[in-house]
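Student: Listed here are the chains, written in short residue letters.
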Amino acid sequence: MYSSETVIGLGTPSVKNKPIEQLVWPEEGLHAIPDWVYTSDDVYAREIERIFHGPTWNFVALEAEVPNSGDYKRSYVGPTPVVVSRAEDGSIHVFENRCAHRGAEFCRHTRGNNTEFVCPYHQWSYDLKGNLQGIPFKRGVNKLGGMPRDFRNEDHGLKKLAVTTRNGVVFASFTHDMEPIEDYLTPEILKDFDTVFNGKKLRILGFYKNELPCNWKMYHENLKDPYHATLLHSFLVVFGLLVAGNRSAMVADSKRGVHGTMASAKSDSLYAAVDADKKKEMRSFHEGMVLKDERFLEYVKEFDSEWSVTMQTIWPNLIVQREMNTLGVRHIVPNGPNSMIMLWTMFGYEDDTEETTRHRLRQGNLMGPAGFLGLEDNEAMKFVQEGVRRSVTDRSVLKLDSENIGTADSLISEAAIRAMYKHYREVMGF
Amino acid sequence: MLPGFDKKPIAHDKALAARAAVEDFHAEYCAVLDGGDIEQWPEFFTENCVYRVTEYENAAHGFPAGLIYAEGRNMLRDRAVAISRTQMFAPRQMLHFVSNVRILDVTDEEIVAQSNYMLLQTLVEGATTLHQAGRLFDRFARNGAELLLKERQAIYDTAMIANDLAYPV
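These protein sequences, in sequence, are chains A and B.
Mind the numbering: the first sequence is residues 0 to 429 in numbering that gives the first Met the number 0, read in order.
Mind the numbering: the second sequence is residues 0 to 168 in numbering that gives the first Met the number 0, read in order.
Bound-form chain A, shown alone (with noise of 0.2 Å):
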């Protein structure tokens, strides 16, 4: 059921939607999280304007959707649509899917290619950069009509993003005078980042795409918890793939404190063996289940890197999946306090062998909207917003290692989303 659907307690009660002048943050700070940042049409609008539209650097497509001259995909920064180009020079452009005319929202493909963009309405057309290259009748029919004479067509071209690149992932930006995207993702950040998008040519695998019925917040909110995984997931903890005690980190950015990597160590054996006192706290442990078919689980190490799993979180938009060896980006489009969108591409790389592609589509069942994990992620997430919208009480507890704030040395720890928030309120000036 989409968001839009909701039978009970469509559209939210007035006191979780007030207006923005009268929204306090609650007195105990970073240790709750008001329920208006998940509610509210006003924080909502100024998320868009300050963050997505703001100077962060969005997400946009892998250079590996696009790879050929006139190839373009149909994208979002924030909610807004953007059409991402490749030139004739092999350069990269984004522009916003509207028509400098009459603002029709002209690309109407997911993906495809062409020599020029050619706004179907009134014939505007526009080269792979977006300039404004022809317009029907500029100079009228028998010298009637038509543009003026001081009309110049690049006054008049589609509108531009900053774009960058860092091994085959595109970013754009509304703000022109973005730092570097290595300044922006930070040391800490890159290390992880740059273990998946090493330079090696990606090969697409394919896409999904869904709704869930949450404010977007909370899917990085869920990924900067450590805490969830071995409760929510027992799937995880049955088959060892991580268990409450198992090597791993929860890093966030020490520049903003917004990006994240959740990073683990599978155990060496295929089963994790999970002590009697930690069998006590997770109440969803099953005892004694084996897989029929355990090529899922195998592990490959393909990277020089001390984790087997990493999930990062890079604000504002974008998430990077490492789960063993299945591998994907998920692209957040905010969609209203109550609903995001989520568009999955998964990808492998181009000299894998037929064999390792299909062991990554195989892993690919732990992800993804009827993933293993996935599934469940959706479902909580989608409990949250209904908890937070319909109910009388206005906060949620946010005290796991209350002390820190940012990178943790504990699963067993919030303090990733208290960075988080910390950056987020005075960005919103809460």
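Read the hints as simulated data drawn from the structure, not as lab findings.
This one's a predicted model, so the numbers in the text were calculated from it and none came from an experiment.
One or more of the hints may lead you astray.
Among the chain A residues that face chain B by a calculated CB cut under 10 Å, a handful are [said to hold, decoys possible]: (1) Y1; (2) R110; (3) G327; (4) W343; (5) R357.
Here chain B is said to cover these stretches of chain A; the calculated rule only asks that three of the stretch's residues, wherever they fall, bring their Cβ under 8 Å from a Cβ of chain B [said to hold, decoys possible]: (6) 192-206; (7) 210-216; (8) 225-234; (9) 374-382.
Glycine is no exception: its CB is placed at the ideal position from the N, C-alpha and C atoms.
Got chain A; can you put chain B on it based on the hints?
Tutor: Relative to chain A, chain B alone:
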């Protein structure tokens, strides 16, 4: 749309008999899924089956990824056990509707068929919603009247999934 699923010329009586067998199979298969008997579901497949659920764009452009991707009945058994015993998701009712069964090819050992499907979902508080609409591309092993799926590719048009897909197609 998918390689290996082209329409072949087939004698009318053979196509009708095959169609009856396939429709009977769909009815029993859907009854098991809709009845909540998920651990019985893998028994409709051969040991070395291929099972994939994927969106239209992936199928049309030859991308191999699946929302669900399984090689062999054992992978389906693992999924069935995960769904029934380990996975956390809100309770729901599912209803499968399979129609427009079209026989693409028939031999004594195999039937290749294409069908349309609709998957309806009802959550505890929700309206009944059209969760997926798509096409099934099926390759059956045929042993007399008994059919087992050697291959099922469920290609859905409903690319923007409403949150998740808990049960298989």
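Student: Evaluate each hint against the coordinates.
Tutor: Hints versus structure:
no.	hint	verdict
1	Y1	holds (5 Å)
2	R110	holds (8 Å)
3	G327	holds (9 Å)
4	W343	holds (9 Å)
5	R357	holds (7 Å)
6	192-206	holds (count 4)
7	210-216	holds (count 3)
8	225-234	holds (count 3)
9	374-382	holds (count 7)
Violation of the numbered hints given earlier is absent; every hint is satisfied by the structure.
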